[in-house]
Amino acid sequence: MPSTLIDKNDIMVQITGLKKKFGDLQVLDNIDLNICRGEVVAILGPSGSGKSTLLRCMNRLEEINAGSIVIAGETLVENNEKGEASYTSPEKARKILSHMGMVFQQFNLFPHMSVIDNLMAAPKIVKGQSDSEIRPIAEELLKKVGLYDKREVFPSRLSGGQQQRVAIARALAMRPDILLFDEPTSALDPELTIEVLKTIRQLADEKMTMAVVTHEMSFARDVASRVVFMADSHIVEENTSQEFFRNPREERTRNFLKNMLY
Amino acid sequence: MEQIMHTSALMLEGSKVTLEIFFLTLMMALPLGLIVALIRLSGLGILRWAMEFYIWIMRGTPLMLQLLFVYFALPMVGVRLNDLSSALLAFTLNYAAYFAEIFRAGIQSIPRGQYEASKTLGFTYVQTMRHIIIPQMIARVLPPVSNETINLVKDTSLIYILAMNDLLRVARTIVQREFDMTPFVIAAVFYLVMTFVLTWVFNKLEAHYAKYID
Ligand SMILES: Nc1ncnc2c1ncn2[C@@H]1O[C@H](COP(=O)(O)OP(=O)(O)OP(=O)(O)O)[C@@H](O)[C@H]1O
Ligand SMILES: [Mg+2]
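Chain order of the listed sequences is Z and E.
Per the numbering used here, the first sequence starts with residue 1, numbered consecutively.
Per the numbering used here, the second sequence starts with residue 263, numbered consecutively.
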């Protein structure tokens, strides 16, 4: 879908002129990126190009130095008169960020809670939902990722692939509109990767809006609607995934794909 | 026979004082230590500096000196506490400092990913600490806390110098009067039983928490 045809209300994440530095190191330079409702955006690029940082800026795990981020129509951060990033009030930011969930490379499950408690903790503690309210939803989500049988087990008893699927279910339990994934399968063996990618593909079929940093080219090609290719703190190329893999425009992209595919 | 009964009764009284000091100190020093650790880890500049200073004083001077200070020096500036309160004040302040350092190390050993996951799920800092970080920290610090607790059992004997009739003082009084070493043996057995029970309790706790640590 060309972006000109998309209703403004359907832009879930709108990033404009984003700059991010770590000390003197410019990690993101003038990033513009929109993510629309129902889109799956794959973020590709060589190591150190700033993919994780871009994702982490979206949900404020990192704070940006300049630019603006608008999530579901609400401004999380924008430039002040001096051209420096200025965040909205903490309460508003909390509300805005509740639209977003995140899945990490290292799963980051809560090891002291059973699988089902991992899913129920945030709805209970953050949203104040009652046990009877959230338990059926949590059980449903566990069935969806195929781990209902493991609901009373502690995460340390699960395989990496199972842990990652619990992490996805945990994020979904908060009913986010956008899910961010930072290399969700990089810590997994190939056979476990498949089951996690299957879960993400299922979410794509349900039109969940997602941004996925990944090194899985076949996943990006088959599941993502759009690909963003980053190198050296910039977005080098951006296209529908079909076009991106069939006709990469930039030299850097072609080199990257050559190295990845062969 | 009557003599033995009398001796045992005295020693029982003494062990009550020892137990009282032990449990009250533990009950106050553990939460206080946690609060000190959390303040130390927070960004609050002056408060954090104050906590570091407090920990330095408590760990840098002998507990005996701290006891004497509370007992003899505070009354000179008009703070009058009874014997038990004096002892409790000194023990609590001292042990809270040690517990604070254990808790701080425990909190710092929790991976950053736990904070990040909590944050992306919408937890506030306080909710993260309370529901995610502190429960995991407790599991990790059980062995050093167990050590300190066993030290406390033995350190309670320091109140001997405050003329409080704790187990050790009672034992010595009887020994000096009767020229009979049995009370020392009884005291030793008492301390051993207490450490035995505590070791057992902490082993149980560690086993309980081990179920989620691989
Ligand atoms: N917390 C940090 N402090 C300082 N520098 C950082 C920090 N996090 C990332 N960087 C640097 O920022 C740059 C971009 O890192 P980032 O993790 O975003 O890259 P990436 O594209 O995700 O790479 P990879 O594919 O290896 O995960 C790197 O040079 C990295 O060393
Ligand atoms: Mg990365």
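These aren't lab readings, by the way, just hints derived from the structure by calculation.
Every residue gets a Cβ at the ideal spot worked out from N, C-alpha and C, and that includes glycine.
Certain hints may be false.
Which residues of chain E face chain Z? A few of them, derived with a C-beta cut under 10 angstroms, are [what the hints assert, rightly or not]: (1) E378; (2) F385; (3) T386.
Now the stretches of chain Z that chain E is said to cover, found in silico as 3 or more residues with beta-carbon under 8 angstroms [as the list claims (entries may be wrong)]: (4) 19 to 30; (5) 122 to 134; (6) 169 to 177.
Hint by hint, here is what the structure shows:
no.	hint	verdict
1	E378	6 angstroms, holds
2	F385	6 angstroms, holds
3	T386	8 angstroms, holds
4	19 to 30	violated (count 0)
5	122 to 134	holds (count 4)
6	169 to 177	holds (count 3)
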